[in-house]
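Residue numbers (the working numbering): 48 to 192.
Careful: at least some of the hints might be erroneous.
[Unchecked claim] Straight-line C-alpha distance at most 30 Å; calculated DSS-like pairs for lysine-lysine:
(1) Lys178 x Lys62
(2) Lys141 x Lys120
(3) Lys120 x Lys176
(4) Lys91 x Lys141
(5) Lys154 x Lys141
(6) Lys91 x Lys62
(7) Lys120 x Lys154
(8) Lys154 x Lys91
(9) Lys120 x Lys177
(10) Lys154 x Lys177
(11) Lys62 x Lys154
(12) Lys176 x Lys154
(13) Lys141 x Lys177
[Stated by the list, open to error] Cβ pair distances, simulated, as ranges:
(14) Asp61 x Asp114: 28 to 34 Å
(15) Gln175 x Glu78: 15 to 21 Å
(16) Glu94 x Gln161: 27 to 33 Å
(17) Ala135 x Glu94: 33 to 39 Å
(18) Glu51 x Lys141: 18 to 24 Å
(19) His158 x Glu66: 27 to 33 Å
(20) Glu118 x Asp61: 27 to 33 Å
(21) Arg180 x Glu94: 16 to 22 Å
(22) Glu181 x Glu86: 17 to 23 Å
(23) Gln175 x Thr63: 21 to 27 Å
(24) Met122 x Glu78: 34 to 40 Å
(25) Asp61 x Leu163: 34 to 40 Å
(26) Met122 x Asp60: 26 to 32 Å
(27) Arg174 x Ile144: 18 to 24 Å
In case anyone wonders, no lab produced these hints; they're calculated from the structure.
For each residue, glycine too, the CB sits at the ideal point set by N, CA and C.
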Amino acid sequence: MKMERPRILVLDDDKTFRELLVDLLTGAGYEAVSVVTGEDALCKIQEERFDLATIDFDLPGWVNGIDFLKELKEMAPHTEVILLTGNASEEVAKEAILRGAFHYYLKPLYHIDQFLTLVGQALESSRQKKKSRENPKAHPPAPPS
Numbered sequence: 048m049k050m051e052r053p054r055i056l057v058l059d060d061d062k063t064f065r066e067l068l069v070d071l072l073t074g075a076g077y078e079a080v081s082v083v084t085g086e087d088a089l090c091k092i093q094e095e096r097f098d099l100a101t102i103d104f105d106l107p108g109w110v111n112g113i114d115f116l117k118e119l120k121e122m123a124p125h126t127e128v129i130l131l132t133g134n135a136s137e138e139v140a141k142e143a144i145l146r147g148a149f150h151y152y153l154k155p156l157y158h159i160d161q162f163l164t165l166v167g168q169a170l171e172s173s174r175q176k177k178k179s180r181e182n183p184k185a186h187p188p189a190p191p192s
């Protein structure tokens with residue numbers, strides 16, 4: 048039985064960075080699909096399943112990537128998200144995690160191995176969530192406290 052390659056949606060309006068990320072992820076054995084706008088990403092997510100999405104914090108047409116993240120998680124709650132930002136801000140990081148991001152990562156990607164490790168961790172989390180959805184009895188809900 049052939050295993051499906053994990054699917055990653057890459058959302059960034061910077062063409063060079065987007066293409067670099069797609070090449071990096073494809074070279075690591077993932078299926079990467081790129082989109083330029085938040086609207087394109089939402090359409091793709093309605094049509095297709097993605098295990099992970101990498102989204103830029105600075106999205107044209109949106110207040111910021113956090114607002115987009117909220118909408119994406121409402122549509123695809125089981126898709127993990129890594130928020131990419133060029134601005135190191137503790138507030139942004141906390142807000143991203145609070146809104147459902149798996150993690151955030153600083154651009155540019157100086158430490159590719161570190162980024163790919165984070166991608167692997169996010170995909171493992173996605174796989175575990177999918178597994179528990181398919182077999183809820185294997186992971187019963189915690190008793191009320």
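Cross-check of the supplied hints:
Of the supplied pair hints, the one linking Lys178 and Lys62 is violated, its CA atoms being roughly 35 Å apart against a limit of 30 Å. Taken as a hint, the Lys141 and Lys120 pair is honoured in the structure, with Cα atoms around 16 Å apart against an allowance of 30 Å. At roughly 14 Å between alpha-carbon atoms, Lys120 and Lys176 fall within 30 Å of each other, so this suggested pair holds. With a C-alpha separation of about 27 Å, the suggested pairing of Lys91 with Lys141 holds against the 30 Å cut-off.
Using a Cα cut-off of 30 Å, the hinted pair Lys154 and Lys141 holds, with the two alpha carbons roughly 17 Å apart. A C-alpha spacing of about 18 Å is found between Lys91 and Lys62, which places the hinted pair at or below 30 Å, so the restraint holds. Of the supplied pair hints, the one linking Lys120 and Lys154 holds, its CA atoms being roughly 22 Å apart against a limit of 30 Å. At roughly 24 Å between alpha-carbon atoms, Lys154 and Lys91 fall within 30 Å of each other, so this suggested pair holds.
For the hint pairing Lys120 with Lys177, the CA-to-CA distance comes to about 15 Å; that is within 30 Å, so the pair holds. The hinted pair formed by Lys154 and Lys177 meets the criterion: a straight-line CA distance of about 29 Å does not exceed 30 Å. For the hint linking Lys62 to Lys154, the alpha-carbon distance of about 14 Å falls within 30 Å, and the restraint holds. A hinted pair counts as satisfied when its Cα atoms are at most 30 Å apart, and Lys176 with Lys154 qualifies at roughly 27 Å.
For the hint pairing Lys141 with Lys177, the CA-to-CA distance comes to about 25 Å; that is within 30 Å, so the pair holds. The hint said 28 to 34 Å for the Cβ distance between Asp61 and Asp114, and at roughly 19 Å that hint is violated. Checked against the hint of 15 to 21 Å, the pair Gln175 and Glu78 passes, with Cβ atoms roughly 20 Å apart. Between Glu94 and Gln161 the beta carbon distance is about 32 Å. The supplied range of 27 to 33 Å therefore holds.
Against the hinted window of 33 to 39 Å, the Cβ-Cβ separation of Ala135 and Glu94 comes to about 34 Å, which satisfies the hint. Checked against the hint of 18 to 24 Å, the C-beta distance between Glu51 and Lys141 comes to roughly 34 Å, which is inconsistent with it. For the pair His158 and Glu66, the supplied restraint of 27 to 33 Å is violated, since their beta-carbon distance comes to about 19 Å. At about 21 Å, the CB distance of Glu118 to Asp61 disagrees with the hint of 27 to 33 Å.
Arg180 and Glu94 have their C-beta atoms about 20 Å apart, which keeps the hinted 16 to 22 Å range intact. Between Glu181 and Glu86 the beta carbon distance is about 31 Å. The supplied range of 17 to 23 Å is therefore violated. Between Gln175 and Thr63, the C-beta spacing of about 34 Å breaks the proposed range 21 to 27 Å. Taking the beta carbon of each, Met122 and Glu78 are about 20 Å apart, not inside 34 to 40 Å as hinted.
Asp61 and Leu163 have their C-beta atoms about 20 Å apart, which leaves the hinted 34 to 40 Å range violated. Distance hint for Met122 and Asp60: a CB-CB separation of about 20 Å, inconsistent with the stated range 26 to 32 Å. Checking the proposed 18 to 24 Å range against Arg174 and Ile144 shows it holds: the Cβ atoms sit about 20 Å from each other.
The structure fails to meet hints 1, 14, 18, 19, 20, 22, 23, 24, 25, 26 from the earlier list, while all remaining hints are met.
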